[in-house]
Each structure stands twice: as C-alpha cells, then as structure tokens.
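Protein sequence lines correspond, in order, to chains A and B. Here the numbering used here is used: the first residue of the first sequence is 1, the next is one more, and so on. Here the numbering used here is used: the first residue of the second sequence is 1001, the next is one more, and so on.
Just so you know, these hints were derived from the structure itself, not from any lab. All values reported here derive from a predicted model rather than from experimental measurement. Hints may be right or wrong, so weigh each one.
[To be verified] Pairs of lysine to any residue, SDA-like flavour, derived with a Cα cap of 25 Å:
1. B:K1110 - A:L63
2. A:K96 - A:L63
3. B:K1110 - A:R19
4. B:K1110 - B:L1089
5. B:K1110 - A:G303
[Stated by the list, open to error] To spell it out: a stretch of chain B is covered by chain A in this simulated footprint if at least three of its residues, at any positions, have a beta carbon under 8 Å from a beta carbon of chain A; those stretches are:
6. 1028 to 1036
7. 1110 to 1117
8. 1122 to 1131
9. 1213 to 1224
10. 1230 to 1244
C-beta atoms are modelled at their ideal positions from N, C-alpha and C, and glycine is treated no differently.
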Amino acid sequence: MTTGTVPTRIGLHVIASLRWAASVLLLLAGVATIVFFLIHLIPGDPAAAMLGDGASPADVAALRHDLGLDLPLQVQYVRWFSGLLRGDLGHSVLTKRPVTGEILRALPATVTLALAAFLAAVAVAIPTGVLAALRRGRWVDQALRLLSLAGVSTPNYVSAPVLVLLFSVSLGLLPVSGRDTPASLVLPAATLGLSMAALLSRMVRASVVEELGRPYVAAALARGEAPMAAALRHAGRNALPPILVVAGLQIGSLLTGAVVTETIFSWPGIGRLLIQSIQRRDYPLVQGCVLFIAVVYSVVNAGVDLVVSRLDPRTERSGLPRSGRA
Amino acid sequence: MKGAFGGLPTLARAAGAVLAASLLLAATGAALPDSLVQHIDLSRRLAAPGTLAPFGSDELGRSVAWRLWRGASLSLGVAIAAVAFSAVLGSALGLVAGERGGAFDAGLRKLADLVLAFPGLLLAVALAAVLGPSAVNTVIALSAVGWVPYARLALTETRRVATFDFVAAARSAGAGTPRLLLRHVLPNIAAPLVVQATLHLAGAILAESALSFLGVGVPPPAPSWGAMLAAGRTHILDAPHVVLVPAAAILVVVLATNVLGDALVERLDAARRG
Chain A
1 MTTGTVPTRI GLHVIASLRW AASVLLLLAG VATIVFFLIH LIPGDPAAAM LGDGASPADV
61 AALRHDLGLD LPLQVQYVRW FSGLLRGDLG HSVLTKRPVT GEILRALPAT VTLALAAFLA
121 AVAVAIPTGV LAALRRGRWV DQALRLLSLA GVSTPNYVSA PVLVLLFSVS LGLLPVSGRD
181 TPASLVLPAA TLGLSMAALL SRMVRASVVE ELGRPYVAAA LARGEAPMAA ALRHAGRNAL
241 PPILVVAGLQ IGSLLTGAVV TETIFSWPGI GRLLIQSIQR RDYPLVQGCV LFIAVVYSVV
301 NAGVDLVVSR LDPRTERSGL PRSGRA
Chain B
1001 MKGAFGGLPT LARAAGAVLA ASLLLAATGA ALPDSLVQHI DLSRRLAAPG TLAPFGSDEL
1061 GRSVAWRLWR GASLSLGVAI AAVAFSAVLG SALGLVAGER GGAFDAGLRK LADLVLAFPG
1121 LLLAVALAAV LGPSAVNTVI ALSAVGWVPY ARLALTETRR VATFDFVAAA RSAGAGTPRL
1181 LLRHVLPNIA APLVVQATLH LAGAILAESA LSFLGVGVPP PAPSWGAMLA AGRTHILDAP
1241 HVVLVPAAAI LVVVLATNVL GDALVERLDA ARRG
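Model the full structure from these sequences, guided by the hints.
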C-alpha cells in the first residue's frame, strides 16, 4: 500500500478508502444479521403465523420446510448470507415471486418520490435559510423560525391529510392518491419534503450566520463587496459541508418518511410494499424491504461521510462526523 | 440548579403548563369507563362537532372527545414508558461501558452504530410488526431503538467525569463500582440525560402515533391518537374533524414538548458555559 517507508499521499487515500469500505461491509453484515433474526422474533411458529388460523398442519409444515425454518439456526444463517451474496432474498409467501424482483419493481416509484421531495426541500431550504441569516433577528427571521418549528414538529401523517384537505378537497387542484398523472407526485413529495425543508432551512441559516461572523467576511465587506455577494462567494463555500452532511443524512429520513407517505397516498413504492407485506404477514417480503431500506440508508450515510472527509480533510483524522444523527 | 422550571422563558413555561395538562388528561383518561369511550351510536356516524359531542363523532358514532381523552393515556403512556425504559437501559449501558472503557466502550459504540444503521422508525416498525400489535410490544419496539442516544451520551459523559479528582477520591475512599457510578458519576451526568429525555418524549409520542397509524402499534378499538388518525383518514372528505382533532392533539403536545426541551437545552448550554 505504501512506497518505501514513508506513506505517500495516494497511499494514505487508498488505506483510508479500504478502511472505509471494510467498516461499511462490517456494518452491512450486522444489519443483515439483525434482519435475519427478525423472523425468529415472531412469537410461536413463524410459518403458522404467516398462514393464519385457517391453515392445515400440513400446509404449515410445507411452508416451514420451504422457508428452511426446519433447519438448524446456524444453517439458516449461512443460507441467508449465501443467498444475499447472490442477490437472493427468498420468495414472497403470498405471490411466490422472488423478493428481489418485488422490491426492484417498487423501487422506481420510491426513487421518484424521494428525489422530488429532496429537490423540493433543498430548493425551499437554501433561499429561506440564507434569507433568515441575512435578516437575522428581523421579523422575516422570526417568521421563518416559527414556520420551521411547525414544519419539524408536524409528522407526515398529520401534514398529509391537511394538504389533501387544502389542495384536493377545497381547491380541487391535485389528485388525492395514486400515481396516474405527474400531478399525483406533488402532494406526496410536498408531504415528504416538508420536515426536511424545515430542518435544512434552520441548518442553512445557522451555517451561514456562523460564516458571516468570521473575519474573512468582514474583510470582504471592508473591501466594499455587497453583503449578499460576500455571503454567497465566501460564506457559501464554507457553509456548504455541514449543510451537505445534514442533507445527506436526511435521505435516510426520506426513506422512512416514504413508508408513511406512500401508505397515505397509495404510492406504489417500497414503503407501501413493506406495510402491505406486514398486513399480509408476508415476512420474507418484510425482511427484504427492511434490509433493502437499511442498506441503502447505511451506504448513503457512509458515502456522505466519505465525501465530507474529502471536502474538509480536518474531519478525516478525528473520525467520521456523527453530530447530525444523534 | 434552581427549581426545575425556574428562570425559563414565558413561552417555555406555557409549554410546560400545556404538557402538565396533557399529562393530567393522560393520568385520568385510563379511568374513563368503556361505556363512554367505546359507545357506538350509528345514528351519529361522523356527526360534526356540536353540543352533544364537542369534537364530533367518529365513523362508528363514538364521541371523539372521550376517545381523545382515553387516547391521551394510551399514546402518552406508551411514549413515557418508552422514554423511561430507553433512558434507564441506555444510561446504565453507557455508565458501565464508560467506566470499563476498552472493549466495552468500543463494543457499545459498534452496537449503537448498528441500531442507527436502520433509519428512524424502520427498526421499530419491523420489530412491532413481528412481535404483534400491543401496547407492551410498542414500548419494546420503541425502546429497542430509543436507548442509543442515552447510551452514547452517558458513555461520553462518564468518560469525561471519570477523569475528575472526586471520582479518584471516592474510589480511594473505598467506594465500589456500583456505588461510584450511581452516587458519584450519575448525579454529575444526569442533566444532559434529562434534557435528552425531554426531547425524546416528543419523538416517542410521534413514533407511537406513527406505529399505530401504520397498524403495528396499539390495536383497535383502543383509541390511540395515531389509530384515530388512521381510522379517520378515509373520511377526510366528508368529516375532516375525525382527522383534524387527533392531529391537533398530537401537534400541540409535541410542539409543547419541543419548546420545553429546547429551553432546557439552552439553559444547560448556558450553565455549561458558566
């Protein structure tokens, strides 16, 4: 990894990347282990629970054999992992189709929704956050502060019905649910993006305020630059990394938010697939959805950490930034 | 530190009063008779708020007001239990790992990272789903996720406090580890843990509602606020009050808790800066 006794710059990067990859893989293995044990937390016989009360003992035994639940635990564990490596998450109990295929079919809807919500949130948060920072302490700042507090405190199962009531029922502008027209995307994306926009806006404000107080901004102002230009040219660049961290980490809450939002708006994504599988006691599908969401979340977070450590080398030595997740 | 709420801004005091009133409703709500809470009257199906029922009636003609009151004891009860359980479990793990250090410290951090690898409510939803819907299982599911911040906080704070002279003094005076942790370390790290618990309460109320809303929390006909929301959702067009009333209840309590929590955080920061 190193040339000679002194590690080169490239060598250090390679070592850091390998360590990063190893820690991500270890975390993912842990996640997969927890998801494996989920099915064993079902009280009583999981196979009987999946088939419901009306099932004959023969059917239950057949399903138990089908799922490998009659094998010793360690054999099941090895089978689960070797399946994972081949992209095989088992079969849906209900439809008998591969879990991987079901997830991949629901994926585009969730990606569309999460992306729309993310972009909408960023588009709202950056201007409002910068505005609040530039007008610190004035009424605009106070109003935005209250709005964002309300936004953070409003769960999407509350904001969704209110938005539906406002835009679909009272104004008749947008469809209530489904995924038939492009307009169907508006309400789910607004619901999902709302709390992220509120949180991110405060974050942008705090970050810009902090940078505006630094000597280099005062120097730029003294040179005669306009406050707005100084804010964007100098403060913007330095304020960006922490904003990026929060935005990246928020992708995770978008994924869980999608579970509720998709259920409310009948949006055919992975979140709704998860809740439907829970209702139908289709536990292999539940395991698949949970694993998929957690893996995407972990990889995104690890990716954000890596990007941040590249943007700001100071964070590299002191470990990965975690402050946004507590 | 003077009285628990002394010196807080007016808004935070008001929030504290709202929270205290909600807790009073929660404490008394459990005693409401089923003849009020579960009384079905189909002739009053989805009736709008009026003199007979101040918050109207739900899809089975049951009084939304009575159900909301009983729901307070369920929703807040589950949330408080989850907070208490998480706080005790997380703090205990953090204290012990902080005192032991080494592999305990590293192990606890790894475990915390593992739980945090599941976004937000996902693990709680999955756990509640496999355990089956019930109030106890909801508490278990929420606590399985909720202990992590307490553990991290207690771990970090214990390591910090452990370097102080009074800890060494207590140890040399013959205090055993349990006594040292409970009598000397815990009182010195309690403030941030209490603040964390206040902030966590808001999250736990939201989480309980979300779980009940998704159908993996407290099962019907128990009127948990989230379950009331979920049941009313299909009637949003003809009877918005069945959704708006529990939604408002959740919002008010969560907002009050957040405001109070923020004020406590600010005061703690101020105290730390001295």
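Going down the list of hints, with the structure as the test:
1. For the hint linking B:K1110 to A:L63, the alpha-carbon distance of about 36 Å lies beyond 25 Å, and the restraint is violated.
2. Between A:K96 and A:L63 the alpha-carbon distance is near 11 Å, which keeps this suggested pair within the 25 Å criterion.
3. A distance of roughly 15 Å separates the Cα atoms of B:K1110 and A:R19; the hinted pair therefore holds under the 25 Å criterion.
4. Of the pairs offered as hints, the one joining B:K1110 and B:L1089 holds, with about 16 Å between alpha carbons and a cut-off of 25 Å not exceeded.
5. Between B:K1110 and A:G303 the CA atoms are separated by roughly 18 Å; this keeps the pair inside 25 Å, and the hint holds.
6. Only residues whose C-beta sits within less than 8 Å of a C-beta in chain A count toward coverage, and the region 1028 to 1036 of chain B has 0 of them, not enough to reach three; the restraint is violated.
7. Only when three residues or more bring their CB closer than 8 Å to a CB of chain A does the claim for the region 1110 to 1117 of chain B stand; here the count is 5, and the claim holds.
8. Under the rule that three or more residues need a Cβ within less than 8 Å of chain A, the assignment of the region 1122 to 1131 of chain B holds, with 8 such residues.
9. Given a C-beta distance limit of less than 8 Å, the hint that chain A covers the region 1213 to 1224 of chain B holds, as 4 residues qualify and 3 suffice.
10. Counting residues of the region 1230 to 1244 of chain B whose C-beta sits closer than 8 Å to any C-beta of chain A gives 7, which meets the bar of three, so the coverage hint holds.
Of the numbered hints listed earlier, those contradicted by the structure are 1, 6.
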